[in-house]
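Chain order of the listed sequences is A and B. Take the first sequence: its position 171, counting from 1, is numbered 171 in this note's numbering, and each next residue is one higher. Take the second sequence: its position 217, counting from 1, is numbered 217 in this note's numbering, and each next residue is one higher.
Check each hint, because a few of them may be wrong.
As the list claims (entries may be wrong) - With a cut-off of at most 30 Å between alpha-carbon atoms, the simulated DSS-like pairs for lysine-lysine come out as follows:
1. B/K272 <-> A/K272
2. A/K313 <-> B/K272
3. A/K145 <-> A/K455
Please keep in mind that the hints were generated in silico from the structure rather than gathered at the bench.
Listed below are the residues making up each chain.
There are 2 protein chains.
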Amino acid sequence: MTTSEQIRQTVERNADRYQETLFRLLRQRSISAQGDGVEECASLVAETLTELGIDSRVMATAGFPVVFGEVRHPDARETLLIYGHYDVQPPEPYDAWVSPPFEPEVRNGRIYARGAGDNKGQFLAHILAYHTLVELGAAPALNMKFLIEGEEESGSTNLGGFIREHRNLIAADAVYAADGPMHPSGRPVVFFGLRGMLTVEVRVRGANRDLHSGNFGGPVPNGIWRMVDLLQSMRDDEGRVLIDGFYDDVAGPTAFEQGLLDAIPFDEEAVKENLAIAYFDGPPEAGYYEKLMFYPTLNLQGIGGGYVGPGKKSVIPSECIARLECRLVPNQTPDSVFRAIERHIHYRIPDAVVTAVEGTLPSKTSPELPYSRAVVRSVGEAFGVDPVVMPLLGASGPNFLFTDELGLPAVWTTYANADEDNHAPNENISVDAFKRGIVASARLLTDLAASGALKDRGDT
Amino acid sequence: MTTSEQIRQTVERNADRYQETLFRLLRQRSISAQGDGVEECASLVAETLTELGIDSRVMATAGFPVVFGEVRHPDARETLLIYGHYDVQPPEPYDAWVSPPFEPEVRNGRIYARGAGDNKGQFLAHILAYHTLVELGAAPALNMKFLIEGEEESGSTNLGGFIREHRNLIAADAVYAADGPMHPSGRPVVFFGLRGMLTVEVRVRGANRDLHSGNFGGPVPNGIWRMVDLLQSMRDDEGRVLIDGFYDDVAGPTAFEQGLLDAIPFDEEAVKENLAIAYFDGPPEAGYYEKLMFYPTLNLQGIGGGYVGPGKKSVIPSECIARLECRLVPNQTPDSVFRAIERHIHYRIPDAVVTAVEGTLPSKTSPELPYSRAVVRSVGEAFGVDPVVMPLLGASGPNFLFTDELGLPAVWTTYANADEDNHAPNENISVDAFKRGIVASARLLTDLAASGALKDRGDT
C-alpha cells in the first residue's frame, strides 16, 4: 500500500504546480453575496477538475451553479462524496489588506488571498490528493464525487433543491468535507455534525400607539415591559429554558461522545479573560463544550422598542420586537421547538405576533463509525498530531442535507491554520497546511479504498 | 365691585382690537427649536405689553430672552406673577396646514395659526384682562408681574438660571398660568402641579464583543438576557416597583385631593377602547388618576441591543441599553430616586453603567388655599361650567421653579379648546375660548384684589 512518505514526496515534487493551481482559483473573484465573478469561477473550477483527471460539469441551480465532478474506478465498491464551496466572502474593507484580496501572494510561508482558506485551499486539497495518487500509480479503488457549490457564503440557499433534484447523480456512501480553521493549539479539528437553528421574531404591544409618558404614564401598559416579563418567563435564574417541551427531543451525548467532550482542551480562565466575562451562562451542571454541542440555546439576537438614541423621547412605547434564536441539538426539529415557543408566548400574550424566520435541522454522524475513525487517523497522520475531535460544532449549516436528507455519514475536518482569518481581511492559508491537507486527503482515500470502511456501519 | 357682565361687555366691545393684537403676535414666527424669529417675537411681546399699559423690557438669558412686564398699583399689598411663553413648536409638516401657520385666519369660529393656543392666545388673555379692567376704570389693587419666556418648547433650559438671577425682580405672592387644552368634555381644567421626571440610561454587557451565536452560544452570557433579568427584578407581576426605597418619599393624596380625584370624569371602557388595551398597568388597588398623579412610574422609554432589522445577525449581543424614565410625585426628588435605582442595579450587576440623563422636581400647590379656590371660581364663572380640578397633571415641567425654588403657590388653568391641536398642524383657539379666557383672568384679578387671598395661606 502507498505510504504516507510516498504521498508526501509526490506532493513536494508537485508543490509549485499545485500552488499555481490554487493561485489561479484565488485570482478569480467569486463573491456570491455581491454576484461578482461567481459563474466565471464555476467554469474555472470545472476546468481545474478536468485538467486533473476528473470528469466535471457546471450544473445550474435556482441560484449560482454547482460544480460536479466524478471519478469511477473499475474495482470500486464504494463512493465518497466530497463537499466544498468555491464562493467567497466579500473582501471589504479593501484598505485593510496588505496585498490585494484577489492577487494571491506568499509572505512568511502563508498564501494571502480571499478564499485561500475558506474554501478554495481546502476543497482543492481533495482534488490534488487524487492527482497525487494517480501520479504515484496508486489511484484508490473508490468512486469519488465532488460537489462544489457557489452559495455557501450566502446561506447555501439552493443546495437543498439541487440535492433533492439530483439524488441519483450524487448517491454515495459517505460525505467528506474540509472547512474552517484548526484549533488554537495548532491541532486540526475533526467534527461530526452541526447544531440546527431556529430564528423566531416576536412582537408584543402595549397600547395601539406610542403615548406621552407624562399624560399616560402609570395606568397604561408599555410594550417593552410586557416583552421583558414575557422573556423572563422563558428562563430560570441559572439559564435553564422554562418553555414547556423545549428539551423534549434532546438526545444528549453518548458515552463515547462524552469521552470526546472531556478530552477537548479547555482553559476556562483563558476563555473568561478573552471574553471579559465573570461566569458562564446556562445550567451549572453542564460543561462548556456540553453546552456548546448538546444543549439547545435560547439566544436573544436582538431587542428593540421605543428610543435609545441621542436626545430623548418621553413616550410609553407601543411595540417591542425581540429576535429569538435557538441553536438546536440532535434530535430536535425547528418545527417542534417553534410550536413550543409559540404556545408559551400565546398562553401569556394571546395577541403577540410570533413568526418563524428561519429553520435548519441539526445533524450528527456517529464518531464511532469505522469511516469516522478513519478520518481521525488520516488527519492525525498527515498533520503529525492528534486532531481535536468534536462530536458537533456549535454553529449551523446545510450538513443535515447529507445526514438527514441523504441519510449518509458526513465527517468534517479543518485544513486551514487557526489564524486563517476567514471572513476577515488578509485571509490566508499556510503553505504547510495546504500541503498537509493534500496528504491527509490522499491518506484517507487510500485507507478507505483498502479497508471498505465506507459501507461499514458497525458502531463499535 | 366690577361684575362679570361688565367685563364681558368690555371684552366684546374690544373684540376686534384684541383679536388683531393676537394676530400680530401669531404673524411673528418664534420657533425656539429652530431659532427662527424668537428675538423678534420677544420685542413684539414687549411692545404689546407697553401699548396695553404695562411697563416691559426684554431681558437676556443664556438662551432666548425673557419678556418681563410689571404694573404697580398704589393700593396694592399683594403681587401676582403671571407666567407664559411666546415661543412655539416647529410647524412642520407645512403641507398639512389648511392655511399657512404664520398667517392667522378665522374659520368656523376658530383662529388657526401656530401658537394660537400654545401659548400666545393664552398668555395674551391675562394682558388683555388687565387692559379690560383699566378701560372699565377698575384696575385691580394688585401688583402684577409678567414673565413670558422664549424657551418653553425647548425644555425651559434657562428659566431656572433667570429666576435665580432675578429673584428680587420677580418676587411675588403667587403664580398664575394658562396653558394646554381643556378637558375633552369641554370643561376647562385647573391643576395645581406637575409630576417630576428622572431619566436614567442603563448599559449592561455580556462578553466584551458581539460573538458568533453558533460558536459561543450556550456558555457565554448575553447582554440582552442580563438586561431582561435586571429589569424584571424591578417590578412585581402587578407593576409595583420593587426597587428598595423607591416609594419612600411618596406623599400620596390628601383627603381633599382624593375627593378631587374621585370627581374627575372617567370612562374606563372608552379609554381602553381608544388605546386598544385590555387592562390597566400598575397596582390594582389604585385608580386611573391616582396612578397618573400620585404614583411614581418606572417607564421604559426604550430598549436596544443586538439587531432586529431586516435580514438577520446571528450574534450573542454584547451590550444592551435601556432608557428608564420615572415620573416623580410629591415629595420625591430625582436625586434620591436615582440613588435607589443605581443601588438596585449595582447590587446585581456591579459593572453596569448607570447614568442620570435628566432630572426635574415634582411640584404641587395645595388646592385648598384661598388663592386656589379663587382660580377655580373665576374660571368656572367665565366659562359657565365647573372646571375639572386636578391635583396634578401627569406631565412634567419647570413649575417646581415657582413652587420649590421661589416657594410660591402656583395654579394653572387651560383657556384653549380641547381640540386646539397644539404641537400639531392646524393649531387653533376658538374665538369664544379666547374671549372667555380674558374674562376669566379679569374676574380673577378683580377677586384677588378684593379678597386678599394671595397672601392667605390658611389651608381651610
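### Message
Please list, smallest to largest, the hint numbers that this structure does not respect.
### Response
1
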